[in-house]
Amino acid sequence: MNENTNAVATITPSASQRFTDVVMREFTSSTGNVNVTEHQKNLIQGYFIACDNALLAAEQKRQKKAEEKSKWGEAAKAQAPYTWENVNIGAKLAQRVVVYAKLGLDMTLPNHLFPILYMNGKNGKYDLNFQEGYRGKEIKIKKYSYYPIKNVAYELVYSNDKFTPHKRGSKQRYDTYDFEITNPFDRGNLVGGFAYIEFEDPQCNILLIMSKADIDKRKDASPSGGKGFWEKWYDEMALKTVVNAACNKVTLDPEKIDPDFRIMQQSESEAAEAELAEDLRQNANREPINVTPVEPKPAAIPERTQPVQKQVETPAQAQAEPEPVPVAVQQGEVFGEIIPDNVELGF
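Position one of the sequence shown corresponds to residue 1 (UniProt numbering), numbered consecutively onward.
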């Protein structure tokens, strides 16, 4: 009896359980009490697995770089190892983890959410941030949209496909389209892409169309200048660009904007800063730099609009504001590059 009791008493919690406990304790101490379901706790443990894999991949690359006989190699030797001891686990990380778990994003599923690692110059440790995949963005806009969303569809269009848009007008009550893949084994060259957001009220439907030229303008305007994964995974990055542009066209409901949404906004803003810093680190004379994220100003709450959503902008207008593609350390990938949203990562 005593032996069994002692055996139970000496059981050490798993690393993922310790991570969950720390996150919940930090979140509770900073915001008060929070009710988290068992499913959300499982999601949080999955976040630990994804972050742990990101740390392992980044550390492997650091050690490989440290073997180089160069200034970059010397910098890698002096760099803090990518271990949990060198990660800032505090209120900010805890809030982000719980917020995304409450939204239901699962890091073990493709294109939901990915971890990002970057150096915090204030204390010489790494901050953990998160990048939403296009599936994650779809889930988020469905929750915060002013108009209830039924479905979101997106496709790249190739020269052998048949794509016919039907924009709302005198003979058409709402946006729609016809799309047919005539030859799945030889679709030809990429000519563009589209995203279609279908609402419960069809008159609110959004059909966003981007030509290849539109996509390339956003590619060239990204901090990486179209390098990195744009070169390795052009089609996947092109689809992500189309989806991001469409999600930005959705009208948000001011009454649904909550503290969770604000935390996600801040996370996205800091991810963009981390991308720019990493781009400089990779290309500025190959000298590594540290960056301390700047707290962004809260974004203005969107105004309530009329019951019928305005017609979406033309493709030329849609590409006018380039959207950065965050640079992330992700499952199975090393620090400084982004895993395309359609690449499924195993653990």
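Just so you know, the hints here were simulated from the structure itself, not pulled from any lab data. Given the structure is predicted, the values throughout are model-derived calculations rather than measurements. Built from N, CA and C at the ideal position, the CB exists for glycine as well. Among these hints, one or two may not hold up.
Per label pair, the in silico range of CB-to-CB distance [to be verified]:
id, residue 1, residue 2, range
1, 262, 67, 15 to 25 Å
2, 28, 184, 43 to 53 Å
3, 221, 160, 42 to 52 Å
4, 88, 160, 48 to 58 Å
5, 124, 178, 49 to 59 Å
6, 25, 60, 49 to 59 Å
7, 124, 25, 19 to 29 Å
8, 123, 68, 49 to 59 Å
Listed below are the simulated DSSO-like cross-link pairs for lysine-lysine, each with C-alpha atoms no more than 30 Å apart in a straight line [to be verified]:
id, residue 1, residue 2
9, 102, 125
10, 61, 227
11, 77, 142
12, 142, 122
13, 162, 142
14, 102, 256
Structure-based check of each hint:
no., hint, in the structure
1, 262 <-> 67: 15 to 25 Å, "violated (43 Å)"
2, 28 <-> 184: 43 to 53 Å, "holds (51 Å)"
3, 221 <-> 160: 42 to 52 Å, "violated (29 Å)"
4, 88 <-> 160: 48 to 58 Å, "holds (50 Å)"
5, 124 <-> 178: 49 to 59 Å, "holds (56 Å)"
6, 25 <-> 60: 49 to 59 Å, "violated (30 Å)"
7, 124 <-> 25: 19 to 29 Å, "holds (24 Å)"
8, 123 <-> 68: 49 to 59 Å, "violated (27 Å)"
9, 102 <-> 125, "holds (27 Å)"
10, 61 <-> 227, "holds (19 Å)"
11, 77 <-> 142, "violated (45 Å)"
12, 142 <-> 122, "violated (37 Å)"
13, 162 <-> 142, "holds (29 Å)"
14, 102 <-> 256, "holds (15 Å)"
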